[in-house]
Amino acid sequence: MAATEDAEEGRRPRAPLAALTQAALALPIVLASARAGAAQVGEVGFAALGYKERGLIKVTEPVLWGRLQVDDVWEFEASGALDIVTGASPELVTNLPGTPVQSVTGASINDRRRTAQLRAKRRFGDFSLSVSRAVSNEEDYHSHAFAIQGEADLDQHRTTLAIGLGKSNDRVGSSIDPALDERRDTREYLAGVTQVLSPLAVVQSTLTVTRGKGWFNDPYKSTLTFYPDEILPVLFADRRPDHRNAVAWLTRYRRHFPGASGTLQADYRLFRDDWGIRAHTLELAWQQDLGERWSIRPALRYYTQGAADFYSPVVPRPRPEVLSSDQRLGAFGGLSPSLRLVLRLENGLTVEGTAGYVHDAASLRLGGGGSEAFTTLRAVYGILSLSRAF
Amino acid sequence: MRASLAVLALLAAAACTPVAPYQRGYLARPDMAMEPAQAGTAKALEKTYSAKEAAFGGASVGGGGCGCN
Amino acid sequence: MDTMHSRAIALALLLAGAGGAAPARALGPGGALPAIAAPRLADASSRLALGELRGSVVYVDFWASWCVPCRQSMPQLDAFYRKYRERGFRVVGVNKDVAKADAEHFLARVPVSFPLVADPGDAVARAFDVQAMPSGYLVDRKGVVRYVHRGYTAETADELRREIESLLGDGR
Numbered sequence: 082m083a084a085t086e087d088a089e090e091g092r093r094p095r096a097p098l099a100a101l102t103q104a105a106l107a108l109p110i111v112l113a114s115a116r117a118g119a120a121q122v123g124e125v126g127f128a129a130l131g132y133k134e135r136g137l138i139k140v141t142e143p144v145l146w147g148r149l150q151v152d153d154v155w156e157f158e159a160s161g162a163l164d165i166v167t168g169a170s171p172e173l174v175t176n177l178p179g180t181p182v183q184s185v186t187g188a189s190i191n192d193r194r195r196t197a198q199l200r201a202k203r204r205f206g207d208f209s210l211s212v213s214r215a216v217s218n219e220e221d222y223h224s225h226a227f228a229i230q231g232e233a234d235l236d237q238h239r240t241t242l243a244i245g246l247g248k249s250n251d252r253v254g255s256s257i258d259p260a261l262d263e264r265r266d267t268r269e270y271l272a273g274v275t276q277v278l279s280p281l282a283v284v285q286s287t288l289t290v291t292r293g294k295g296w297f298n299d300p301y302k303s304t305l306t307f308y309p310d311e312i313l314p315v316l317f318a319d320r321r322p323d324h325r326n327a328v329a330w331l332t333r334y335r336r337h338f339p340g341a342s343g344t345l346q347a348d349y350r351l352f353r354d355d356w357g358i359r360a361h362t363l364e365l366a367w368q369q370d371l372g373e374r375w376s377i378r379p380a381l382r383y384y385t386q387g388a389a390d391f392y393s394p395v396v397p398r399p400r401p402e403v404l405s406s407d408q409r410l411g412a413f414g415g416l417s418p419s420l421r422l423v424l425r426l427e428n429g430l431t432v433e434g435t436a437g438y439v440h441d442a443a444s445l446r447l448g449g450g451g452s453e454a455f456t457t458l459r460a461v462y463g464i465l466s467l468s469r470a471f
Numbered sequence: 077m078r079a080s081l082a083v084l085a086l087l088a089a090a091a092c093t094p095v096a097p098y099q100r101g102y103l104a105r106p107d108m109a110m111e112p113a114q115a116g117t118a119k120a121l122e123k124t125y126s127a128k129e130a131a132f133g134g135a136s137v138g139g140g141g142c143g144c145n
Numbered sequence: 052m053d054t055m056h057s058r059a060i061a062l063a064l065l066l067a068g069a070g071g072a073a074p075a076r077a078l079g080p081g082g083a084l085p086a087i088a089a090p091r092l093a094d095a096s097s098r099l100a101l102g103e104l105r106g107s108v109v110y111v112d113f114w115a116s117w118c119v120p121c122r123q124s125m126p127q128l129d130a131f132y133r134k135y136r137e138r139g140f141r142v143v144g145v146n147k148d149v150a151k152a153d154a155e156h157f158l159a160r161v162p163v164s165f166p167l168v169a170d171p172g173d174a175v176a177r178a179f180d181v182q183a184m185p186s187g188y189l190v191d192r193k194g195v196v197r198y199v200h201r202g203y204t205a206e207t208a209d210e211l212r213r214e215i216e217s218l219l220g221d222g223r
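Chains as they are written, first to last, in this note's numbering: chain A, 82 to 471; chain B, 77 to 145; chain C, 52 to 223.
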């Protein structure tokens, strides 16, 4: 399997992604050559995603990853992915028909995004330190991220504390405006605790603070507003603040029920930023064993967000400094049920198939008050993932 | 404030039954992991949602950004 | 009212502390090999009593399929067992998996020849007060614990070889 992946990736040489991806693919080779010495465990995997909404098709193909643990001291992880997006992208919100609607331009997008990530972790007794590097390249966006994270195991590994620092230096461009070349720099701070509650339950709570500076405007979005008392409409290009500070607080709970051979998985995330957005994400899942090899996992994810202060589907008078009609900054809610089937074989092979449905709508916002201009989104996705443990 | 602190501490005490290092068989199950999907599935899922929503992040740092249209 | 809250906090902290504290009776060098019996992993109707091993140099190893360093320790312990068995060295593997099938899958990939026992009620692990996984207790011919290994790395193997040879009495 590794050999075919190697050949597959070899057809698309591109530095520095290629170098990172090569490192990921070299893992099984390192594993095989050094096996005689230190104890090593690891895995290599492959996943493919298909996503479809009206007028937009997205394929991630392939996600490749590898993980190698040497002697319970070193751990290496690498992954690479290629995203292909084809179809139309919504670009204009106009009130021409009377009420503001999102119009999809005829122009077809065909975007390719390449990403790679590398992580190395070293354990020093009850402490560990990890560094990671991530690179992402697409025609109109380049990102270079770096992170360092420390963890401490306390009380015989019943409690784990984590702190992390990350930074990302991004370049924003545009396929329709070759002159656009702006910076977006982000710093991230993380603090988290994982607590074993009982032999059957564990909880993790993580706080991430993000401070971003630079260009946040979306070069593909604009607002076209007609006024009843004016002949000419106003075309307003998407303009957002030049900073974005956000806090995400994620809490995850896992509880196994031996009698039922099932596990409850509950995740809750609270998000706030200084654009005025407040969002809640709740995901509940139950993973049920079906015999020794199979398990099934039905899940329901609910998402709700309030609008950004500068979100408006029409250009108000007088014209504001910042304004976006991007409906991702509007008020809406989303329900997403999914079903996953997992097959684990004794030889270390794991096959995972996930199918899901996404329904985002103004009416699904918690407590009502969704943005009227929000165009309901319905999408389906499927993910197939294969991995082999060593 | 103090009352809520006391409640939190009591909850913590009640919820934490001592777990010995050898009692981790269930905790080591793959479905007890904080990320219950395989690495590839998790990455693909995260992108699927974050491209359509304003909220982001929470679990880790250093992932980098994307244009995500 | 204030003092009541303070008392509640103090009580809560006390409870939290009591819950987290480990009992101060971890088995260490100089301690006696616990006289305890456990069902064999392959056949629960047959029991293995640690007391019967008196007179041999014994290594009692606590392991599980979910314990990562055990992938390294188990084959090496098996190699020691095969090498020194004739000279009176015994190994007992105490399995801490919650499902017997997990242990069996592990053993299919990492087969060992020394005897294995199950510990469903944690009685054996409690008698040793196991502090880490894996944990190994090297016991001399008189039934006295001489060395304890918590965790397992490449260095553990070297130390263990020297210790076994010295306890077997003809190390040099």
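Don't read these hints as lab results, they were simulated from the structure.
One or more hints might be untrue.
[To be verified] The calculated label-pair distances, taken between Cβ atoms and stated as ranges, are:
id, chain 1, residue 1, chain 2, residue 2, range
1, C, 173, A, 193, 35 to 45 Å
2, C, 105, A, 347, 17 to 27 Å
3, A, 444, C, 150, 42 to 52 Å
[Unchecked claim] The calculated DMTMM-like cross-link candidates involving lysine to aspartate or glutamate, where the alpha carbons are at most 25 Å apart (straight line), are:
id, chain 1, residue 1, chain 2, residue 2
4, A, 248, A, 221
5, C, 151, B, 122
6, C, 151, A, 310
7, B, 128, A, 156
8, B, 128, A, 427
Predicted model only: the values in this text are computed from it and were never measured.
Just so it is clear, CB atoms sit at the ideal spot from N, CA and C, and this is done for glycine as well.
Evaluation of the provided hints:
1. At about 55 Å, the CB distance of residue 173 (chain C) to residue 193 (chain A) disagrees with the hint of 35 to 45 Å.
2. Judged by the Cβ atoms, the range 17 to 27 Å given for residue 105 (chain C) and residue 347 (chain A) is violated: they are separated by roughly 51 Å.
3. Checked against the hint of 42 to 52 Å, the pair residue 444 (chain A) and residue 150 (chain C) passes, with Cβ atoms roughly 46 Å apart.
4. Between residue 248 (chain A) and residue 221 (chain A) the CA atoms are separated by roughly 20 Å; this keeps the pair inside 25 Å, and the hint holds.
5. A hinted pair counts as satisfied when its Cα atoms are at most 25 Å apart, and residue 151 (chain C) with residue 122 (chain B) does not qualify at roughly 36 Å.
6. Between residue 151 (chain C) and residue 310 (chain A), the direct Cα distance comes to roughly 79 Å. Violation of the 25 Å bound is thereby established for this hinted pair.
7. A distance of roughly 33 Å separates the Cα atoms of residue 128 (chain B) and residue 156 (chain A); the hinted pair therefore is violated under the 25 Å criterion.
8. With a C-alpha separation of about 38 Å, the suggested pair residue 128 (chain B) and residue 427 (chain A) falls outside the 25 Å cut-off, and the hint is violated.
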